Amino acid sequence: MASLARRRATDYTVKAISVGFAALSLVLLAWILWTLVARGLPALGPHVFTHITAPPGAGGGLLNAIVGSLIQIGVALIIGTPIGLMCGTFLAENGRGTQVGNAVRFVNDVLLSAPSILIGLFVYQLLVVPFGGFSGWAGSIALAIIIIPVVVRTTEDMLNLVPIGLREAAFALGAPQWKVVTFITWRAGRAGIVTGILLAIARAAGETAPLLFTSLGNNGWSLSLDAPMASLPIAIYQYAASPFEDWVALAWAGALIITVGVLTLNILSRLVLAKMK
Amino acid sequence: MDATLSGRQAGTGLIAARKPTGRVSDPIFVGILWTSGIVVLLLLGLIIAMLFEGGLPAIQEFGLSFIWSTTWNPVTEVFGAGVMVFGTVFSAVIAVIIALPLSFGIAFFLTEIAPGPLRRPIGVAIQLLAAIPSIIYGMWGFFIVVPLMAAYVQPPLIEWLGPLPIIGALFQGPPLGAGMLTAGLIMAIMILPFITAMFVEVLESVPPMIKESAYGVGATTYEVYRNVSVPYGRTAMVGAIMLGLGRALGETMAVTFVIGNATRMSASLFAPGATIASTIANEFPEASIGSLKLQALLELGFILFVISFIVLALSRLLVRSRLKG
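These protein sequence lines are chains A and B, in that order. By the working numbering, the letter at position 21 of the first sequence is numbered 21, and the numbering carries on one by one without gaps. The number in the working numbering is simply the position in the second sequence, starting from 1, with 1000 added.
Read the hints as simulated data drawn from the structure, not as lab findings. Among the clues, some could well be false.
Here are the simulated lysine to any residue pairs, SDA-like style, with alpha carbons at most 20 Å apart [what the hints assert, rightly or not]: (1) A/K15 x B/K1293; (2) A/K275 x B/R1119; (3) A/K275 x B/L1128; (4) A/K15 x B/V1075; (5) A/K15 x B/V1230; (6) B/K1293 x B/L1148; (7) A/K275 x B/L1118; (8) B/K1293 x A/K275.
These numbers come from a predicted model, not from an experiment.
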């Protein structure tokens, strides 16, 4: 056995290194955020929100990309939230301990971490090839597939927190299951379910890879879900890799917008959660 | 009057809805719940089937050797996945090797060292690293990290470690900045929060009694961490590491920006390379519908899906087995 002095020295050293690592991760976060602010803020003028994308030097903005992103996230939510909510409810209410329930939970966990670019390839094969073109629909459905597992996971977790006694009380009064779920369980877990949806929006807002082969991007102004549709992440991807200074500046402005939005949603959902627990 | 009537109607409604068996259930609502569950179940199967079907012609053309063949030549239309499979695994392993000690340290800090009121805010701040979109990491990596690597990190490493026998091969070549090491480094930051969060969850589930017993016989904080807490949660922690690996394997946008995108194989950490995901993202725009290249890319996607599925399934198995037991 090593001497006491040596053991204490080891303990001290490891503690110091751990504090250093934690500090390092905070520094990295601050560094990334600082880079975004330092490069994005100077490029962030009103024109970003009032002009659509334009050729280099023509003073374009990101309006069509922002609107396109909002539309696709909105449609994805309309498609994905009900499925995710129902599936999460299924896991918490009907699927507990059953084989189907376990299988669904397993598949959902895999989908939650599956490479998002493959969701894009899948929707490309499923919708873009047979229907003959890239479209806002395809992009929205790809995002819906990103959203579903997030909503399923949080819904199940949150409904599991609702005391069994509440449900039993309602059942004892003779309420059918749809009433128990909608009026008792969902209502009791409302804050948690909303958190899941906020997290899902945050996740979908930053996804680039699934949109590459589905909604493709669009440099013009288009609100049609049947045509290729612009989105903020794709515009950033295009512009960041370009050789034109004003495009790169716009990419930083877009990156700042997305990050601020996504981090706000995350912090907001954590506050809701903290309040609930 | 109206109120009592409707109340009575509602009452009879409830009684009428009750089944003779006494079970209170309604087939339509339960049907919707089950259907949504099955939809999610089928989704995974459908994804696998579509990717498999899409890539089938490439497998028929090149045979199973597609998986390890290292030729990727769009001009002569000869494709093999070897370089990308290697790049995917190599860069993901680098990411895990870098992230692992950091996660162990940060989890130690969050569970044992940090004063109570600081734990949550610092924990949340580290989790925010996971919320930042992948493309943002890509831009930050491309504009900030790559130039730093090329100017300050790679030249001294090449000079000092390059001439060494055996491990020298890892540190040779021009200091381009972009390459395997840079990709691994960026991904390490991205998977760090996932691994750390699961480590913390596991470490917090260690019964205080067994930790206190160790403290009781005079162990230091580090000794308790190393000899009691970590061995106790070992299985689930391996699962957490696998989850990090699984995430790194499929990472696309960040990698595409910083890996250099070269379809050549090299043992050097500094050499530009390609992963399956980055190749799909890069070469897809040049592949037309029905072309052999597109089929090869879909087959790449299928291979990636199989690899990440195995890793993620294994991760979940290890994590769940621990949480149950």
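Okay, the hints, checked on the actual structure:
The suggested pairing of A/K15 with B/K1293 is violated, with an alpha-carbon distance near 53 Å, which exceeds 20 Å. Annotation: proposed proximity of A/K275 to B/R1119 holds, straight-line Cα distance about 17 Å (limit 20 Å). Between the alpha carbons of A/K275 and B/L1128 the distance comes to roughly 19 Å, so the proposed pair stays at or under 20 Å and holds. For the hint linking A/K15 to B/V1075, the alpha-carbon distance of about 56 Å lies beyond 20 Å, and the restraint is violated.
Our distance criterion of 20 Å between C-alpha atoms is met by A/K15 and B/V1230, whose separation comes to about 16 Å. In summary, the hint linking B/K1293 to B/L1148 is not supported, as the alpha carbons are separated by about 35 Å, beyond the 20 Å threshold. Our distance criterion of 20 Å between C-alpha atoms is met by A/K275 and B/L1118, whose separation comes to about 18 Å. Between B/K1293 and A/K275 the CA atoms are separated by roughly 52 Å; this puts the pair beyond 20 Å, and the hint is violated.
Violated hints, in rising order: 1, 4, 6 and 8; the structure is consistent with all others.
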